[in-house]
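A.B. asks: Residue numbers (this note's numbering), protein chains in the order written: chain X, 1 to 317; chain G, 1 to 317; chain P, 1 to 317.
If you are wondering where the hints come from, they were derived from the structure by calculation, not from laboratory data.
Please note that a few of the clues may not be correct.
It does not matter which identical chain is used: a pair holds within one copy or between any two.
[What the hints assert, rightly or not] In the DSSO-like style, the derived pairs of lysine-lysine whose C-alpha atoms are separated by at most 27 Å in a straight line are:
| # | residue 1 | residue 2 |
| --- | --- | --- |
| 1 | 66 | 302 |
| 2 | 129 | 176 |
| 3 | 88 | 171 |
| 4 | 165 | 302 |
| 5 | 91 | 101 |
| 6 | 129 | 74 |
| 7 | 171 | 129 |
| 8 | 168 | 129 |
| 9 | 281 | 168 |
| 10 | 257 | 101 |
| 11 | 53 | 294 |
| 12 | 101 | 66 |
| 13 | 281 | 257 |
| 14 | 281 | 302 |
| 15 | 310 | 294 |
| 16 | 129 | 88 |
| 17 | 281 | 165 |
| 18 | 66 | 168 |
| 19 | 67 | 310 |
| 20 | 49 | 302 |
| 21 | 53 | 101 |
The primary structure of each chain is shown beneath.
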Amino acid sequence: MRFEQAVSVQWLAEFTGAELVGDTEQMATGINEIHKVIPGDISFVDFEKYYNKCLLSAATIIIINKKVECPQGKTLLVHPDPFSAYVKIVKHFRPFEPANKMISDTAIIGDDTHIQPGVFIGNHVQIGKNCLIHPNVTIYDHVIIGDNVIIHAGSVIGADAFYFKRRKELKSQYDKLESCGRVIIENDVEIGACCTIDKGVSGDTIIGLGTKLDNHIHIGHGAVIGRNCLFAAQVGVGGKAIIQDEVILWGQVGVSKDLTIGQGAIVYAQSGVAQSIEGGKVYFGSPVEDARSKMREFNWIKRIPEIWDKITNPKNI
Amino acid sequence: MRFEQAVSVQWLAEFTGAELVGDTEQMATGINEIHKVIPGDISFVDFEKYYNKCLLSAATIIIINKKVECPQGKTLLVHPDPFSAYVKIVKHFRPFEPANKMISDTAIIGDDTHIQPGVFIGNHVQIGKNCLIHPNVTIYDHVIIGDNVIIHAGSVIGADAFYFKRRKELKSQYDKLESCGRVIIENDVEIGACCTIDKGVSGDTIIGLGTKLDNHIHIGHGAVIGRNCLFAAQVGVGGKAIIQDEVILWGQVGVSKDLTIGQGAIVYAQSGVAQSIEGGKVYFGSPVEDARSKMREFNWIKRIPEIWDKITNPKNI
Amino acid sequence: MRFEQAVSVQWLAEFTGAELVGDTEQMATGINEIHKVIPGDISFVDFEKYYNKCLLSAATIIIINKKVECPQGKTLLVHPDPFSAYVKIVKHFRPFEPANKMISDTAIIGDDTHIQPGVFIGNHVQIGKNCLIHPNVTIYDHVIIGDNVIIHAGSVIGADAFYFKRRKELKSQYDKLESCGRVIIENDVEIGACCTIDKGVSGDTIIGLGTKLDNHIHIGHGAVIGRNCLFAAQVGVGGKAIIQDEVILWGQVGVSKDLTIGQGAIVYAQSGVAQSIEGGKVYFGSPVEDARSKMREFNWIKRIPEIWDKITNPKNI
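Given only the sequences and the hints, what does the whole structure look like? Please build it.
C.D. replies: This is the structure we're talking about:
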């Protein structure tokens with residue numbers, strides 16, 4: 001997330017109760033999870049084994065739970081609970097703004113776009129031209145939708161990331177990482193009925209130009225879906241997955257988080273993609289393999305009784 | 001789809017910019033995909049390998065992208081892009097009619113039917129007697145619902161078919177085939193929460209009498225579900241699948257498009273039906289097989305280490 | 001379900017047209033399915049093989065379709081169709097109450113709880129403090145929600161159990177068992193978008209404190225989910241399943257009805273839990289097994305061609 005105006009590290013230290021180390025005149029221009037940071041960003045780290053990754057990242061301001069040496073030109077905000085400090089900053093700059101009507105006055109809706117009854121459009125939403133939003137769709141705050149987009153009834157765009165920090169010592173063990181990312185839906189996308197596309201934790205979930213989603217599809221936080229993809233019904237895509245252009249996922253396929261599916265890959269129905277796979281190939285199985293190999297494997301399995309027969313009647317060999 | 005009034009082929013030729021070949025006095029009484037055509041229908045074909053199938057079908061008026069010999073008593077509409085001409089006709093005779101209220105004035109709702117708040121009912125919808133439509137359900141235009149039907153909250157009846165023509169040369173590669181079919185829900189059906197039942201491309205999606213659907217079920221365009229079927233939660237059924245009477249599908253079963261499941265078949269949870277299967281039997285697996293054979297196969301797989309041991313220690317044989 | 005006031009068995013006999021046998025002065029204090037009964041409850045049995053189970057259960061009043069010997073201190077309501085008599089009583093004491101507005105006047109909503117637009121809240125619902133209910137959520141009658149609960153858009157809490165009695169002799173074969181149970185959501189629960197949590201048939205569906213559900217999750221009637229569980233998107237849990245504390249289910253996992261998952265179990269994506277499994281372990285597969293064994297099995301399958309080669313070329317042995 002970018003801030004509308006740069007924020008001084010002094011203010012941040014005071015706001016979160018952190019100790020300032022390093023450059024005390026720094027200005028923060030955004031806040032991000034570690035894998036999304038750019039210069040000017042605040043990020044946080046609370047496990048010693050990730051200290052270096054965070055300190056050496058592009059992040060300029062690091063909330064950290066130990067007073068370590070500050071890299072040149074950066075600023076540390078030393079805080080006993082960096083996660084909570086990060087969440088406090090997110091909530092301050094992207095507060096929940098209760099709605100009191102179905103379509104926010106702050107939403108910008110393009111020409112020739114038709115919004116059917118029962119649609120909720122949150123604050124700071126932008127919708128392009130010539131779109132059709134069917135009844136009972138929910139569009140959370142800060143979603144950006146291009147031109148010629150169709151969204152079918154009951155779909156939910158921009159709900160929170162499913163992302164929690166476990167604190168085993170607490171009665172309620174899962175502490176919510178507040179999402180400040182957005183959903184961006186590019187031109188010519190069609191989204192089926194009862195789909196859910198979550199916002200990114202701090203970055204954007206993107207549905208690329210011309211991509212078509214059938215019904216009941218789940219796209220996790222921060223996933224980036226390429227152009228001209230085709231996903232059949234009940235597909236689920238985990239957080240931060242990258243799906244390149246022209247990928248086809250058949251019905252009920254599951255895709256894990258944090259992986260890449262290469263351009264033009266085709267994944268058959270009910271398959272499970274647990275790790276990155278190359279483009280231009282056809283896959284099947286859970287976990288997926290090359291579809292033809294998988295089919296041959298199915299045939300080999302059917303031959304086990306024949307094998308058994310051969311070895312228990314060695315004259316058959 | 002049937003037209004309310006027959007339409008002359010001369011008007012159609014002019015409207016689409018097509019050249020008329022064959023009987024130039026023909027009247028069209030409907031428009032349909034090739035697998036649904038009856039005499040009087042318009043259909044279209046744009047691949048040479050399907051020309052004969054279409055020319056020899058029951059369709060009376062054929063939109064085609066080459067000037068071929070016209071069968072006796074038929075009419076050709078020769079057009080460089082039959083798909084677009086077909087879509088143009090569909091959009092003309094079944095235009096999108098924006099709603100400006102939750103329940104259309106053109107909807108017909110039977111006695112003792114109760115519509116809960118937040119329900120959207122589109123144009124030309126018919127709902128029978130003694131139904132209960134729970135909150136936040138969406139019923140698109142032209143849906144027909146019988147008597148004693150229950151639809152639980154959040155379900156979406158009659159969204160568009162997921163059906164696109166790929167045009168690799170375009171930036172947005174998938175061209176939408178506009179749906180003009182309907183959804184017909186017969187008497188005594190119960191539909192769970194957050195289900196989606198898509199309309200047919202040109203024919204009807206049908207849910208047969210007494211069938212009960214649990215939650216999160218997807219029924220694709222033009223599927224025909226028999227009487228007294230029972231589908232557990234998160235089942236997905238592909239387009240134009242035919243599921244005969246008294247079929248039981250357990251949770252998360254996936255059914256491909258364009259196949260038939262015979263009467264009384266039972267399919268165990270998480271199975272995948274990729275091809276037609278006979279009635280009266282029990283199935284399991286992805287892809288499905290006879291459930292008992294599949295169970296035996298699982299047992300054989302567990303014996304592979306034993307087989308390995310036998311052959312690497314031949315004295316065990 | 002508990003009655004607000006005790007009901008005499010004489011009134012029940014007259015109301016249902018049943019014959020009274022045994023203690024004719026008994027008062028009923030509730031009505032329940034057989035596996036939920038406590039003293040004072042009405043229950044029913046209509047298969048001879050279950051007679052003893054019901055007669056010897058904690059139920060005090062038994063609707064039964066044969067005049068058998070009545071256990072000491074109990075009452076029989078002899079009726080030719082116990083199922084229908086049970087449903088008639090349920091419908092009388094928990095009638096469907098049509099809504100005429102989005103938020104019922106009988107709903108009790110705690111301080112600092114924010115209800116977004118488009119939310120339906122039924123009769124006799126209780127919602128605690130500091131909750132956030134996102135747009136287009138549906139909460140059926142009698143649901144109870146604790147404090148600090150978040151429910152994302154499009155979710156449906158408290159729809160009917162998917163529970164039918166088959167009557168093959170009827171045209172519509174499935175007879176609906178009317179649900180009179182509730183859904184109880186404890187403190188600090190977060191429920192994703194487009195989830196469905198069904199009410200129990202007669203008891204309560206419970207989501208334990210601190211549990212977090214991602215999107216498109218289905219929780220069946222009467223399931224009891226423990227504290228601090230984490231379910232990823234598109235998980236389905238069958239009716240009356242018991243899931244103990246701190247269980248993690250990854251995406252698209254299916255859980256059958258009437259089983260127990262032990263505390264702290266982890267089930268990998270797309271797995272199917274068909275029978276009870278112990279806590280503290282990691283599972284994979286459909287049906288699930290110990291995850292490591294399953295992975296080893298996958299490796300063994302890949303060695304079948306090698307085995308074939310060995311036995312058809314015995315010099316390889």
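A.B. asks: Could you check the structure against the hints above and give me the numbers of any it violates, in ascending order?
C.D. replies: 1, 4, 6, 10, 11, 12, 19, 20, 21
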